[in-house]
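> Turn these sequences into a full structure, and let the hints guide you.
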Amino acid sequence: MTKSKQRIGAAILALSFIFLPIAAMAKNDLVIGTTQYPSTFHPNIDSMLAKSYVHGLTRRPITVIDADWKTICLLCETLPALENGGAVLEKTADGKDGIAVRYKIIDAAQWGDGTPITVDDVIFTWEVGKNPKSGVSSNEAYRRILSIDRIDDRTFTFHIDRRTFDYSDISQFNLLPAHIERAKFSTPEAYRTQTAFDTDATNPGLFMGPYVMTQAKTGSHMVFERNPKWWGKKPAFDKITVRVIENTATLEANLLSGGIDMIAGELGLNVDQALAFEKRHGKKFAVTYKPGLIYEHIDLMLDNPLLSDIRMRQALLYALDRKSISEKLFGGKQPVAHTSINPLDWVYADDVAHYDFNPEKAAALLDQAGWQNKKNGIRENAAGEPLRFEIMTTAGNRTRELVEQVLQSQWKTAGIDVRIKNEPARVFFGETVTQRKFQAMAMFAWISAPESVPRTTLHSEEIPTAENNWSGQNYTGFKNAEMDTLLRNIETELDRDKRKVMWHRLQQIYAAELPALPLYFRADSYILPKWLKGLTPTGHQFPTTLWVENWSVSR
Amino acid sequence: MSIATARPIDVHANSVVDRFMRHRLAVISAIILGVLVALALLAPAIEAMLGTNAETVDLLARYGPASAAHPLGTDELGRDVLVRLLYGGRVSLFVGLTATLAAAIIGTAIGLFAGYAGGRVDALVMRVTDGVIALPVLPLLIVLAAVDLGKLGLPDSIVSAENVSLYRIVAIVALVGWTTVARLVRASTLSLKTRPFILAAQAQGADKFRVMFRHILPNLASPIIVATTLSVGNVILLESVLSFLGLGIQPPLPSWGNILTGAQNTIWEAPGLAFYPGMLIFVTVIAFNFIGDGLQDALDPRARDRRAAEQH
Amino acid sequence: MSEFLIRRVFHSLIVLFVMSVIIYGLIGLMPGDPIDLMISADPHITSEDAARLRLIYGLDQPLWSRYLHWLGSALTGDLGYSRLYAQPVWDAIVPALSNTLVLLLSSLTLALMIALPAGIFAATRPYSLSDYGINLAAFAGISIPPFWLGILLILLFAVTLGWLPAGGTAEAAGAGTLWERVPYLVLPIVSLTIAGVGGHTRFMRASMIETLRQDYIRTARAKGLSQSRVVLGHALRNAMIPVVTVIALDLGVLFSGALITETVFAYPGMGKLIFDSIMGNDYNLALVCLLLATALTLFGNLFADVAYAALDPRISYGDIEA
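Chains as they are written, first to last, in numbering that gives the first Met the number 0: chain A, 0 to 554; chain B, 0 to 311; chain C, 0 to 321.
These are calculated hints, taken from the structure and not from any lab test. The structure displayed is predicted, hence computed values, not measured ones. Treat the hints loosely; a few may be bogus.
Said to hold, decoys possible - Derived Cβ-Cβ restraints for the label pairs, each shown as a range: (1) A:H503 <-> C:A40: 28 to 34 Å; (2) C:Y215 <-> B:G130: 55 to 61 Å; (3) C:L104 <-> B:P70: 44 to 50 Å; (4) A:D302 <-> B:L41: 55 to 61 Å; (5) C:Y131 <-> B:G33: 17 to 23 Å.
Quick reminder that beta carbons are idealized off the backbone N, C-alpha and C, glycines included.
Here is the structure:
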């Protein structure tokens, strides 16, 4: 070999070294790809999935729902219950049914800067939460707490103004570090812009999980390193980087080219994309699907005279072959929904009306409802008006657009002319849905929690109006006295068996009345490297990162 | 800057055609475009010939390979790719042509009016034009996407039609796209109105509108045609970009832009689905550009290269 | 000269002010408000919460009052707080702006380095084979859907060949030195360059052909000067005028034009910031970003006029103002 050739060889070597993707060469690092960057890091302002995902690495709630869908303690010693004396029934000052629940924070618990986590933090969090000026998104949960008793530095009792069955679950009570945040809270109006979570986001004192955030670059990535003060099991990775890549084609490309190690299931690829990915690269990556509590459905505008007829709503559902959508489009990974309650939920009841694909029944119901005649394949009523609806969803959401077109095609076979009119999410959720401006159908998803009472979506008082500031999520305008009673009673019934009966009834009404057309439960798809073990999808709103210390590397 | 000057149309149509024919790339482009337009127009016939339906979803035939029944295979919902592309071509070409035409008409009217009136009116109109150029298109799009067309008094047949998104795009492009033509026309009008033949017409007592439309406008035809042809391609490209952002033509109405955007999700798995619409957009846009270039040479041989500088 | 500049800057400020009113009005016209978006994402928000949050964010005020409030604090140097990024607006803009400038300036430089020689070369041999070739390439660059191009580049160079990273920034991969940054910039810059080079080439060519027809060039030729002397020594200066003008006028558009490239390459820049702030209903951020783009356009206009006068001795500032 001549000298010049050698030199060229060396140059190529150097070049290829420069151009090689640098990420994740050593396996004590992990790079996770997601599609969204959190807007604020404050745990109680503006709830969003992207934030709970990264907070799973750095923070622990007092209680949480685990992968078996049971409420467990993370920061507390034992879960309070009437049986163990941790919870005591009591009357509030104005004579209503209340409850007192006692928690003890585990002794080892401390913030990332070594300050112990104490009742001071609990009380401070409560003060911020219930202060109307603080900018906390929802202060309902804090206002329910009438007072807090300080038993000792680590033990406290909440006095709550009502008796709900989930009294022991305080997973929404995200602790704030009083030693850092109290100074920022001196003027509550300015708190949301002053909070250390956003002005000093890498302060270790904000965290109490296995990792602390050491870098946050807006819109790009966040870096997490081991928290030396973490008291629990030692996590496997020295460093975790969460990279945000919104475009899913680029996200996949990064996975294939080694820029990232895995794609988060919570905020990553849709099932159809994941299936296509698996088909091609299933040998190199482990793809797991977990159906969850994301309920895809079509809200029906019940004020629409056509849709106020129950026969019409049933006919619409009978005319759909949801099973083949689930199987062909989603590889059977996203089960057909019959009501808003997920089959994984313990309150789920299967013996409610199912509307399996049945074109004859659909036709019969439509005939009965007065839409016998057909012209160019579209049904008409006696007045010669065509049977036509408008369906809306979030423009640019690929999966929904696909499903929408399948539905449209299936309805057309049944003689129903459904027109698609989609809007950007910004408009769709910003006004059309929240202010009930859709004419017939709005397709979107609800993200709920295990045994979550669908009060805001089904109670007649939750219909958004200008008077109630367009709050409430009963967008269909569903009114049913028995449903209202059930919703109220389920919430306050402490006896599991009695509750199960009521839940059963609730699902019966839902399936019989069909305020919305249930479609399917969305599944999260996790694309993981073969060597990553111990990541267990939960199927509910708590992300896998809350158990990051169980993730391990196997060779 | 306004370096363009208008020239009377060359009355010898033959020499125009001759000059156009000499621009080989433009001729090839015109042929390709002609074939594409013909195919798009024939979409229903081809659909019938293949015995498929562009709208009927067949979940059992997703991502089908090329076959006699489906020359380019089937897409993610089992629909024939070729037929969908042809229908998409209708939409994309329609958007490109109507939107630029509308923009050209508005721009011509405004430019003619401003240029002929001159003085304060002209200055005001030109400041407004500058403002429109600086206007952010994105919020405008979202606002228009949310406007309740029913309240604007439009007939129900338009409001509930599935191609509302198509009219929206056309409206937006027309609303923001007229500025190029307006500037061009205004500059030419300014210089034309001092020409002897215009002054003569005025002296004979022809009224303002007659002078504007009968005497000045015909002389502006060539720069307008060239500018319009060149921007058809840009509009088709713009539609694809808007589709990418979820603000373009809405499914189920196919357009090359939204077919391409849909396919990019599975580009690693089914690259063909993304390749065809991308190629079609590319070829069409480039063809329009060459035809514009050729027309420029043909219609206005002397000023041809000067005007090229105006239109990009 | 200085009087001219002062007057132009003053005019620009007025246009900026008018634009701020129009943009604020446009954003206000958009349906819904940030609280509606929050409600749809969080079932726990009650009607009291909604009213309280509207109060905190000042959304209970009419649009004009909110605008005056913003204007008041903007004049004291406080551009407001970005709700979407939970930072003061300026803090959210600075990193995005610098990222975008790196991208835009390098791709513009690269595009000009290719376009100017190519355009001049083509202009000196009009309707030759190489002219056709250059035209074809120029139009090809203009005609590719930008996101398609981006994905094809990623497919080829990142996934298939593995030479370059598939988007993101070097920092995200834990690298920081200049050398480590370069690979992350290659594909976005190439993609922007391909999209931009065609237009500049066409311009340069057209402008040069036009200049070469001028009488003084003919005179120079008649004197027996060589082709390269004529082109580079005499014609170039004049031919550059429209080219510089167009580059300057394009500045503001470039800004938001990088949106597609930034999205495809997961590159956090201004285009993305503008898009997200509008889609996320972040009034303050969207307003300031759009004003910045407008200001850049106005500056481009001003710069174009100054450059015009500087490059062309026949034009004085008085002429431009007319």
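> Failing hints, ascending?
2 and 4
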